[in-house]
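Trainee: Chains S and E supply the protein sequences, listed in that same order.
Residue numbers for the first sequence follow this note's numbering, beginning at 1 and rising by one.
Residue numbers for the second sequence follow this note's numbering, beginning at 1 and rising by one.
Treat the hints with care, as some may be off.
[Claimed, not checked] Some residues of chain S that are not near chain E, with every Cβ distance over 10 Å (derived):
{"hint": "1", "residue": "Pro80"}
{"hint": "2", "residue": "Arg82"}
{"hint": "3", "residue": "Ser176"}
[To be verified] So the derived label-pair ranges between C-beta atoms look like this:
{"hint": "4", "chain 1": "S", "residue 1": "Asp87", "chain 2": "E", "residue 2": "Ser259", "range": "40 to 48 Å"}
{"hint": "5", "chain 1": "S", "residue 1": "Thr200", "chain 2": "E", "residue 2": "Lys199", "range": "51 to 59 Å"}
{"hint": "6", "chain 1": "E", "residue 1": "Ser259", "chain 2": "S", "residue 2": "Lys188", "range": "14 to 22 Å"}
{"hint": "7", "chain 1": "S", "residue 1": "Asp203", "chain 2": "E", "residue 2": "Arg127", "range": "55 to 63 Å"}
{"hint": "8", "chain 1": "E", "residue 1": "Asp188", "chain 2": "S", "residue 2": "Gly100", "range": "49 to 57 Å"}
{"hint": "9", "chain 1": "E", "residue 1": "Asp258", "chain 2": "S", "residue 2": "Asp203", "range": "24 to 32 Å"}
{"hint": "10", "chain 1": "E", "residue 1": "Asp76", "chain 2": "S", "residue 2": "Asp87", "range": "44 to 52 Å"}
{"hint": "11", "chain 1": "S", "residue 1": "Ala15", "chain 2": "E", "residue 2": "Glu42", "range": "44 to 52 Å"}
{"hint": "12", "chain 1": "E", "residue 1": "Arg127", "chain 2": "S", "residue 2": "His25", "range": "22 to 30 Å"}
{"hint": "13", "chain 1": "E", "residue 1": "Gln167", "chain 2": "S", "residue 2": "Thr17", "range": "44 to 52 Å"}
Keep in mind the hints are simulated off the structure, nothing from the lab.
Predicted model only: the values in this text are computed from it and were never measured.
Glycine residues also receive a C-beta, built at the ideal position from the N, C-alpha and C atoms.
Here's the letter readout for the chains.
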Amino acid sequence: MRLLALLLSATVAFAGTELTAFRGHVHLVAAKSPYLVNRSLVLSTTDTLTVEPGVEIRVNGYYKLMLRGAINILGTEKKPVRILAEDSTANWVGLHLSTGENLVQIQGLEVRNAFRNTFSAVRGELRKSTFEGNYYALWVEDSPSLLITECSITHNRYGITVGSDSLQVSKSSLVSNVIGVWLEGQGKIASSENTLGQNTESDISTPNDPARQGIASRYSRRTLQTVESRF
Amino acid sequence: MQYRVVWLSSLTLSLWLGACDSNQVRIAFDTKNMTSQNYQLESQMKLILQDSVDTPAALGSRLRVLFHTTPVVSYDDGSARYQVGADSVSYHSDQRSVEECLHVERTLALQEFQYKMGTNGAIQDMRLGQFVPDLENTDLDLRRLLLKVQPELPGSSIKTGDTWERQHALDEGNGKQAIVYKWFQVEDVFDHDHKRMAKLRMNLKYRVSTSADASIQSRDFVLGSGDVLFNITDGRIEDANLEISGVLDVLLSKTTSDSTSMRVRQVIRLRRLS
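In isolation and in its complexed conformation, chain S is listed as follows (with noise of 0.2 Å):
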């Protein structure tokens, strides 16, 4: 009798599938959900990634999930699909998007307890999605082409970072972060219709801002640590 429990216990543990790859037509389907990252892992550009809704990935350590192809992620209201860290007081990288021409749909997704989830250089639309317990809930760059609508971003040190160019962001709720908005040197949002408040620091924040004169103030930290890492 021990012995049957303590093997359904051992099956019971993990009910799910390894994600071990992202190669060619990569879909991910509730049926095989939760998928649990053991390593980061990469999309190519040549490759597609597609999440049916109520799928879930759970990140099991300090790892990155890195897209560069075209991204349809298709979660519902009731069926949201999540990325978050399998263990729930660990954080995981996050998700970095680079996907260049290529498309991106992502609808209904839930992001938690990323370090930094990046927007770099995509085209497409992230809506009704939820970023809660990330430290940069949104960092964007070089993405005027990206549409964010009808998002939540809640209870992030950070939540959205446009880094450069200008960022459109419409019929959101940015509220109960540390920082609601951070414009780095050259980034810019184009706003409407969107809840930005209640974030406990400030509401819109930039480097030059009265309250953080100071030396650096002048250069971003982002800048100072991008010439430490490539001198």
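Starting from the known structure of chain S, fit chain E onto it as the hints suggest.
Mentor: For chain E alone, kept in the frame of chain S given last:
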């Protein structure tokens, strides 16, 4: 008598030539020894604004990595492939938050890569492990630090005072590479603890140019100077120190062409632990 003078002169000359030959040593990395080595690498960096000499540094950071190199395979041409992995990382920066510093530590701790090295120390084909994605512009790269301090040996016998030059590529990302020019001089050859050692002077220079969002360019060559303590008996580095400095022009805004310059100083130390 004349015969004795000639004989003594020949003997003296032979002894003198023999003494000169014994100062010639051949230094090379031992790529046949298949045991792991443990190292400590430290890097300290200061960015100083050029606006005013009175302002304190804009960025100060300190990195310490304990890592190991493990031989993977030895080739017939004398070269070998090595795997490098970090065992422990400690990082602090006054321009990164606690969480950002933790992120740097974690990404470095997970960084594994391999490279091929010849007996002269020339490193080729240095690449991250299969499942490690590209680094972001603000991530630190252990490979870059190691390539800077790595000496390249001449492949022939040398003696105190000899010099040679080498150059190698430094990956800048996005398919770009910088060429690093290195100059070496044998400062001393001596015995220590039953091992034959060589102290090498190493100078280097390279240009920084990146297309990252901040658009960073070195105004002239970045210059470095340091020394390497090479264990001739065992064919490995025991200690290496390098101090690098240069002035970088940083484009802050493409629209307004606002730019500034900053002096960057980096001190790297590599030490073999076991």
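Trainee: Compute the least Cβ-Cβ separation between Ser176(S) and chain E, then decide whether it is above 10 Å.
Mentor: holds, 18 Å
Trainee: Looking only at beta-carbon atoms, does the pair Asp76(E), Asp87(S) fall within the given range of 44 to 52 Å?
Mentor: holds, 47 Å
Trainee: Falls inside 24 to 32 Å, the C-beta gap from Asp258(E) to Asp203(S)?
Mentor: Taking Cβ atoms as reference, Asp258(E) and Asp203(S) lie about 26 Å apart, which means the hint holds.
Trainee: Is 44 to 52 Å respected by the C-beta to C-beta distance linking Ala15(S) and Glu42(E)?
Mentor: The hinted range 44 to 52 Å holds for Ala15(S) and Glu42(E), with Cβ atoms some 46 Å apart.
Trainee: Is it true that the C-beta distance of Gln167(E) to Thr17(S) lies inside 44 to 52 Å, as the hint says?
Mentor: holds, 49 Å
Trainee: Taking the Cβ atom of Arg127(E) and the Cβ atom of His25(S), is their distance within the range 22 to 30 Å?
Mentor: Cβ of Arg127(E) to Cβ of His25(S): about 27 Å, so the range 22 to 30 Å holds.
Trainee: With 14 to 22 Å as the target window, see if Ser259(E) and Lys188(S) comply at their CB atoms.
Mentor: holds, 20 Å
Trainee: Cβ-Cβ distance between Asp188(E) and Gly100(S): within 49 to 57 Å?
Mentor: holds, 54 Å
Trainee: Mind checking the hinted window 51 to 59 Å against the Cβ distance between Thr200(S) and Lys199(E)?
Mentor: holds, 56 Å
Trainee: Do Asp87(S) and Ser259(E) keep their Cβ atoms within the hinted range of 40 to 48 Å?
Mentor: holds, 44 Å
Trainee: Just checking, Pro80(S) versus chain E, shortest CB gap more than 10 Å?
Mentor: Consistent with the label, Pro80(S) stays out of reach of chain E, its closest Cβ about 25 Å off (over 10 Å).
Trainee: Just tell me: holds or violated, for the beta carbon distance of Asp203(S) and Arg127(E) against 55 to 63 Å?
Mentor: Roughly 44 Å apart at Cβ, these two residues miss the hinted range, so it is violated.
Violation of the numbered hints given earlier is confined to hint 7; every other hint is satisfied by the structure.
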